[in-house]
Amino acid sequence: MPRLPALLIATALLTAALPARSDDWLEFRGPGGASRVKEGSLPVELSAADVRWSADLPGRGLSGVLVVGDRAFVTTSDGPTQDRLHLVCLSTSTGKILWDRQVWATGRTMCHSKTSVAAPTPCSDGKHVYAIFSSNDLVCFDLDGNLQWLRGITYDYPNVSNSLGMASSLLVTADTVIVPVENDSESYSLGIDAATGVNRWRLDRPKGANWTSPVILAPGLVALQSKTGIEAIRATDGSTAWSYTDGADTVSSSALADGILYVPSNGITALTLDPADPAKQPTQAWRENTLSPATASCVVAGDALYTINGAGVLTAGDRATGKRRWQLRIEGPYSGTPVTDGKHLWAVNEAGLVRVVELGEKEGKVVATLDLGDEILCSPAAADGALYVRSNTKLHKIGR
Amino acid sequence: MVFHRRFPAALGAVAFLLALPGGGVAVASPVTDALPAIRGVDHEGKGNAAAAKAWGVIAAAEASALPDILAGMDGANPIAANWLRAAVDAVVTKAGGSAKLPVDSLVRFLADTKHDPRARRLAFDLVRGADAARADKLLDGMVEDPSVELRRDAVAKVIARADALKTGEKKEEALAAYQKAFSASRNVEQIQALATTIRELGGTVDLTGHFGFLRRWQIVGPFDNTEGKGFAAVYPPEETLDLSAALDGKEGKVLWQPVETGDEYGVVNVNLSYPPPAPPADAKPADSDSKEGLKGVIAYAVTEFVSAEDRPAEIRLGSKNAWKIWLNGSPVFEREEYHRGMEIDQYRMPVTLRKGPNTILIKVCQDEQRRPWTTEWEFQLRVCDEVGTAIHPLGGPDSAAK
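Top to bottom, those sequences are chains A and B.
No gaps in the numbering here: position 50 of the first sequence is 50 in the working numbering, and each next residue is one more.
No gaps in the numbering here: position 114 of the second sequence is 114 in the working numbering, and each next residue is one more.
Warning: the hint list may mix true and false statements.
Claimed, not checked - The list that follows gives simulated cross-link-like pairs (lysine-lysine, BS3-like), each with its CA atoms no further than 30 Å apart:
hint: 1; chain 1: A; residue 1: K127; chain 2: B; residue 2: K229
hint: 2; chain 1: A; residue 1: K96; chain 2: B; residue 2: K53
hint: 3; chain 1: A; residue 1: K323; chain 2: A; residue 2: K38
hint: 4; chain 1: A; residue 1: K114; chain 2: A; residue 2: K227
hint: 5; chain 1: B; residue 1: K229; chain 2: A; residue 2: K96
hint: 6; chain 1: B; residue 1: K53; chain 2: A; residue 2: K207
hint: 7; chain 1: B; residue 1: K170; chain 2: A; residue 2: K227
hint: 8; chain 1: B; residue 1: K137; chain 2: B; residue 2: K53
hint: 9; chain 1: A; residue 1: K207; chain 2: B; residue 2: K250
hint: 10; chain 1: A; residue 1: K207; chain 2: B; residue 2: K46
hint: 11; chain 1: B; residue 1: K100; chain 2: A; residue 2: K394
hint: 12; chain 1: A; residue 1: K114; chain 2: B; residue 2: K46
hint: 13; chain 1: A; residue 1: K227; chain 2: B; residue 2: K114
hint: 14; chain 1: A; residue 1: K127; chain 2: B; residue 2: K320
hint: 15; chain 1: B; residue 1: K320; chain 2: A; residue 2: K227
Simulated from the structure, these hints should not be mistaken for laboratory data.
Note that the structure is predicted; figures quoted are calculated from it, not measured.
Pulled out of the complex, with its shape left as it was, chain B reads as follows:
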């Protein structure tokens, strides 16, 4: 999920009425008249009653109104977009199915990449339902599409062609095609599968660089997290970042130290920086505790990210530990959950980078559970745009794997 910024719904609705993204101007119709009520919905059911009435109008529209309904998703909050998403289904059902849809106007909508990526993907699905061959042909121009899903399908076609070349013993051409697909893909599973294939063919890939994982950090710890109380506690790095200071840790003074992960998915294993004391000589070999890392502890990691410009970006994090993140001293998000799972891009946080140095600070908390699946104390973090394209820092820590 993406953690969305709150913005005034009324403001969004006004902007929508003034000019449709894509340069078009909405022609008044029952659908366009009803759209502001839908776009006015917001948190905790705000606007639901008005939206329900408007939904009936939109859902009763002819199929020719589909591009207007889809355009209504431009700039809408995710809840409003969902009201419209369900209306599209109703309109299509009422029209008698995909075969009776306005395919040409849907294709024109799809071609305008300024429209909402999900709305465009939905337009594509409608076109595909009506004319699969035409939709398939459209994918050829979508390898760099801002819609992650359209791009994924376009890349899948490139992979299929590469597979055929590989089957035909054209190894070099196949490898080039796989490399093209790898470069374009923003889908994690697709990227991982491509990396395996390329390596099998003798090629090289830079997964760390492709994703933009940050490898180099300064780290300090351990601080106390007994009974999980450290999550809410404010330790010195949250107040002042002085990388030369000796800080009061859980067991005495602690110092910042550099850490550089060699993991190509950017996983920073905090246990490596703070290994547990060696078990006593008379410890039982089967004592599972001896295999675990520290428990009830916290570490902070900080890195400087030099941005070439002021720009929107996403910080994307994976961690199975509780965590907090600050950008330039301001809290971005926090989550108090331990050992429920970790994956790439588990958390997506929209941020604004400022031109020049930006400080990213993460607090990584380890609890006191002693189970086989509670040893990990780690995170992986990258900076990218909303499509998932890596944003690399200038000058400072690069993200190239060694």
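With the rest of the complex left out, here is chain A:
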């Protein structure tokens, strides 16, 4: 056997990704889409010194960041027509770009000026990263940047597109990548074999622009949200387990916490899943129309849930009843969904102000503010004691 040069072996060891950890951030809004982190895991006092690094990104975007082990992943787009699509891998310790893989858009890149071709948040199973763009180009790389497969969903189905831009994020469960590409025309959600990139199933979905993201209800069971409500879909075959048909928002997404799905429907509607079998029809726990979220989705932790409305007002609701507890104006607008540990909430507005809100039983209070001086439209990721937020030009790590 030929001897490998020692330098090559050392390089391989240094660049090989560490395995995923339990507190990794593997999807849009983290586990269950609840934007929930372990209590005490994020810094409450913030100053400029807490910005550990700010890395230049090769292109623009507003997709969220993934953190897998010691690596952060983010998508961007650049070029005169934003048709150069990047998946970028950075070191979480230094912010250095470890690799950058590009493909060209095979679908349309037209979108509203506020959004971006790199709008949907990728997802990971801890070994691979699955990323999609507004052009509906879908790629799968391993953590070291080796291409596993790719698809052009609009290349396959030419009327899958939205002239305002697509934004629904991906999920992976039961070895199936859930790919919502719902729009006014050829409206689908697909279940794609995570290993090969081939369709397991393709569902006709309600025709209508839809920017919401799915939620994993249980391993192999996902909630698809649309203007008609919620469909619980089995990931392996695309069959419907149950339906909720009272309508739902097409911008802010549902969140799951402790077996309850909080749906932006008629305000917020709480659906209690059957703990023995989440595939059974859930029961409605409560409905509260004063909890209407705007663009940001609701977040859930402790005994409360939180929404931010279009006027930048943070509202706390009782998780058991939905009744409003208190409100606090925290100067929006907010495109990104905050994260919370139940004691505090970290919210980043579009102007780049990071606010830490202390969450009391009867009131909320801003206890720290950090100005990133950068337009932030993404939902922050939280992992390993730090927040990760990105702008059109940079990725910032805030915290440990």
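Go by the hints and put chain B onto chain A.
Frame of chain A; chain B shown alone:
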């Protein structure tokens, strides 16, 4: 995006093996052996498994293989091209960055305009990463390049020189340089900025002619689109084009009538042809409905495009309404989306024009939403080549703005 024709992937792979575009012949290597598997990918993940194995071979190649990898994009479908695009990144990273790339062979690849335009642009970017000055010099010969992006950068250099002349108070020379840039540019934003500058300097531009927007149409309507059902309905113009016939419209008989847009971007405002009834005298001044056009309606517009030859072309459309297009009676594409936005070249549709008269028919649908952003009922359409250079019709309706 461009709506791609489906063609047998195996056929493309065979053709690739026989002769590389550009006249070269591929020398067998692990990379060239692996290319057919990559080029065999197609719709819905077909060929992914074989391509994944081949990708590992290509991504492990030395940087000297980059021209072969780039040449593998010639004639490849966009999915195959993307497999190769990602492999190029891996090869460059493995090589240790741009400084260690085979610049001379990449420059030779770039010089051959028969290669895939995006592959050539990628070659240019690699050269630029290794030797920015050399790449910048290459742009001087690319003002008429078939790669839209290379042409854009070359035109940007002409604009920079024109800016310097303008700053130096050499107005006439600056204007000539801006005109040269305008003539060469195929990038919408660049063209629009140049038009503004040229006009500020007292020059003239023909935006309609430069893009090739079609201004003169025959139009008929309104037909019924209540609840959006008219999009799928087949009205008489879809069956027979008789411009002298009286047709059954939404509110009675309707006739074809000529329409000629004066908009320099070729926007045909259908609302002007079919204005809503005047509001009643006692209508509230604030009634926003009174400002809107007709709702739940459809119009058809047709034009004759006389082509000098049988040739490939693109029909490019912008519209925020649902629409269908036919060329010579055959459906080209359709899209059922309302009021999500409109831009020049929003939809690119490859077609084949036949020598002589060609009939372009468009169905433009208006929905029933009554919001401030749902009033528009319009489209803009041009015929051009794949680079975006206008193809003008012979004899018939010219595209010159009045």
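**Hint check, failures only** = Hint check: 1, 5, 6, 7, 8, 12, 13 and 14 fail, others pass.
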